[in-house]
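Participant: Listed below, chain by chain, are the residues.
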Amino acid sequence: MKVLALIIVILTGSLLIYSSLDMPDWGDPNSPASTHVSPRYIEKTIEETATPNAVTSVLADYRGYDTLGETVVIFTAAVVCILLLRRFEDDKTH
Amino acid sequence: MIRLIEDLHIQFVCRIMVPLIQFFALYVIAHGHYSPGGGFQGGCILGASFILMMIAYDIEYVKKRFPEKFNTFMVAFGVFLYAAIGALCLILGAEYLNYGILHKILPADPVKVRALGTLGIEIGVGITVSAVMLSIFLNLSTFGKHEKSEV
Amino acid sequence: MIWIVDILLLTIVVICAIGAIYVKDLLSSAILLGAYSFLMCLLWTEMGAVDVAFTEAAVGAGISTAFFIGAIYQTTRRTKD
Numbered sequence: 001m002k003v004l005a006l007i008i009v010i011l012t013g014s015l016l017i018y019s020s021l022d023m024p025d026w027g028d029p030n031s032p033a034s035t036h037v038s039p040r041y042i043e044k045t046i047e048e049t050a051t052p053n054a055v056t057s058v059l060a061d062y063r064g065y066d067t068l069g070e071t072v073v074i075f076t077a078a079v080v081c082i083l084l085l086r087r088f089e090d091d092k093t094h
Numbered sequence: 001m002i003r004l005i006e007d008l009h010i011q012f013v014c015r016i017m018v019p020l021i022q023f024f025a026l027y028v029i030a031h032g033h034y035s036p037g038g039g040f041q042g043g044c045i046l047g048a049s050f051i052l053m054m055i056a057y058d059i060e061y062v063k064k065r066f067p068e069k070f071n072t073f074m075v076a077f078g079v080f081l082y083a084a085i086g087a088l089c090l091i092l093g094a095e096y097l098n099y100g101i102l103h104k105i106l107p108a109d110p111v112k113v114r115a116l117g118t119l120g121i122e123i124g125v126g127i128t129v130s131a132v133m134l135s136i137f138l139n140l141s142t143f144g145k146h147e148k149s150e151v
Numbered sequence: 001m002i003w004i005v006d007i008l009l010l011t012i013v014v015i016c017a018i019g020a021i022y023v024k025d026l027l028s029s030a031i032l033l034g035a036y037s038f039l040m041c042l043l044w045t046e047m048g049a050v051d052v053a054f055t056e057a058a059v060g061a062g063i064s065t066a067f068f069i070g071a072i073y074q075t076t077r078r079t080k081d
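Protein chains in written order, with the working numbering: chain A, 1 to 94; chain B, 1 to 151; chain C, 1 to 81.
These are calculated hints, taken from the structure and not from any lab test. Since we're looking at a predicted model, the values are computed, not measured. Heads up, the beta-carbon is just placed ideally off N, CA and C, and yes, glycines get one too. There could be a bad hint or two in this list.
[Said to hold, decoys possible] Derived list of chain B stretches under chain C, where covered just means 3 residues or more per stretch with a C-beta under 8 angstroms from a C-beta of chain C: (1) 44-50; (2) 131-144.
[Unchecked claim] Cut-off 20 angstroms, straight-line C-alpha distance, at most; resulting in silico cross-link-like pairs (SDA-like, lysine to any residue): (3) B/69 <-> A/84; (4) B/145 <-> C/71; (5) A/44 <-> B/115; (6) B/112 <-> A/47; (7) A/44 <-> B/33; (8) B/112 <-> A/42; (9) B/145 <-> A/87; (10) A/44 <-> B/111; (11) A/2 <-> C/17; (12) B/69 <-> A/82; (13) B/145 <-> A/88; (14) B/112 <-> A/63; (15) B/145 <-> A/89; (16) B/145 <-> A/85; (17) B/145 <-> A/81; (18) B/112 <-> A/52; (19) B/69 <-> A/83; (20) B/69 <-> A/76; (21) B/64 <-> B/18; (22) B/104 <-> B/86; (23) B/145 <-> A/79; (24) B/145 <-> C/76; (25) B/69 <-> A/81; (26) B/69 <-> A/75; (27) A/44 <-> B/110.
Construct all of the structure, not just a fragment, from the sequences and the given hints.
Facilitator: Okay, here's the thing in structure tokens:
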């Protein structure tokens with residue numbers, strides 16, 4: 001069983017390394033990610049949002065709806081943790 | 001797991017460290033526009049300071065300052081603050097979370113007011129994350145039975 | 001010569017990850033995962049993603065280690081396998 005798991009892990013790892021060969025080089029200015037919308041955000045972020053940190057302006061302003069979803073995910077984690085783990089004193093079922 | 005152990009060294013170091021950690025967390029939340037950081041990271045550091053307080057003292061020490069109902073209210077209040085700022089933009093006549101329209105009620109020009117709206121939602125995220133970290137650690141480390149002090 | 005730092009960091013990251021699986025003591029495993037997170041944070045910083053590095057240092061190395069230790073105290077400290 002352990003040999004089977006090792007074979008599966010090696011196969012998956014080699015597949016991932018093989019697929020990463022097709023990705024653009026790190027910091028390549030001609031890659032699709034840095035030619036489509038990134039230059040527009042980098043050029044306009046000061047004059048549109050007055051926020052020098054472009055990461056914050058994208059995270060909280062241009063893509064604010066995604067950050068709302070992320071916050072709701074964390075909220076859900078706390079609610080589920082309370083629902084699953086919390087036991088009160090007068091609870092007779094446990 | 002967590003009970004009061006009278007160790008002077010740990011309590012003294014915690015007494016010095018906790019205000020510094022909390023100042024740094026507030027700095028990270030408020031300074032997210034200019035340097036790396038933001039609501040999530042600052043909220044995590046703020047929650048970590050509460051966890052340090054809980055480990056160095058005991059649970060009752062923290063629960064006296066942050067009662068469970070207040071903490072659970074704060075979990076929901078951060079999300080509410082975020083969504084309310086978005087809805088305020090909707091009421092004032094722009095799209096959801098389009099902070100530029102807030103210049104009708106805030107004394108700033110539409111560009112500066114976007115930074116203020118960003119700061120508002122960062123504060124909301126920070127409140128939620130710090131309260132969530134405290135709540136999860138409290139429930140996880142005592143298996144949900146933190147009303148009795150001997151667990 | 002930044003690639004030497006890269007190779008060195010990646011090697012220690014792999015060693016930490018394998019050690020976290022192989023070690024018998026769950027508390028040591030949690031601490032090794034914290035060390036793994038800090039090394040990943042250094043890697044992100046070296047790549048220029050400072051915000052991601054900050055998140056990794058705050059969440060991966062700080063909070064999740066505390067959660068792991070809190071969860072380990074509710075179970076046995078040594079693994080069976």
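Participant: If a hint holds in the structure, say so; if it does not, say that too.
Facilitator: Checked hints:
1. 44-50: Answer holds; 4 residues pass the 8 angstroms Cβ test.
2. 131-144: With 6 residues in contact (Cβ-Cβ under 8 angstroms with chain C), the coverage given for the segment 131-144 of chain B holds.
3. B/69 <-> A/84: With Cα atoms ~17 angstroms apart, residue 69 of chain B and residue 84 of chain A stay inside 20 angstroms; holds.
4. B/145 <-> C/71: Holds, because 14 angstroms separates the two Cα atoms, which is no more than 20 angstroms.
5. A/44 <-> B/115: Given that 20 angstroms is the threshold and the Cα spacing comes to 14 angstroms, the pair holds.
6. B/112 <-> A/47: 9 angstroms, holds
7. A/44 <-> B/33: Judged against 20 angstroms, a Cα distance of about 15 angstroms means the pair holds.
8. B/112 <-> A/42: 18 angstroms, holds
9. B/145 <-> A/87: 6 angstroms, holds
10. A/44 <-> B/111: Answer holds: residue 44 of chain A to residue 111 of chain B is near 12 angstroms, not above 20 angstroms.
11. A/2 <-> C/17: Distance ~18 angstroms between residue 2 of chain A and residue 17 of chain C Cα, so the pair holds.
12. B/69 <-> A/82: The given pair, whose Cα atoms are some 12 angstroms apart, holds under the 20 angstroms limit.
13. B/145 <-> A/88: 7 angstroms, holds
14. B/112 <-> A/63: Status holds; Cα separation ~18 angstroms.
15. B/145 <-> A/89: 8 angstroms, holds
16. B/145 <-> A/85: 8 angstroms, holds
17. B/145 <-> A/81: 13 angstroms, holds
18. B/112 <-> A/52: 12 angstroms, holds
19. B/69 <-> A/83: 14 angstroms, holds
20. B/69 <-> A/76: Distance ~17 angstroms between residue 69 of chain B and residue 76 of chain A Cα, so the pair holds.
21. B/64 <-> B/18: 17 angstroms, holds
22. B/104 <-> B/86: Holds, at about 15 angstroms.
23. B/145 <-> A/79: With a Cα-Cα distance of about 16 angstroms, the restraint between residue 145 of chain B and residue 79 of chain A holds, given a limit of 20 angstroms.
24. B/145 <-> C/76: 19 angstroms, holds
25. B/69 <-> A/81: 15 angstroms, holds
26. B/69 <-> A/75: 15 angstroms, holds
27. A/44 <-> B/110: 15 angstroms, holds
Consistency with the previously given hints is maintained throughout, with no hint failing.
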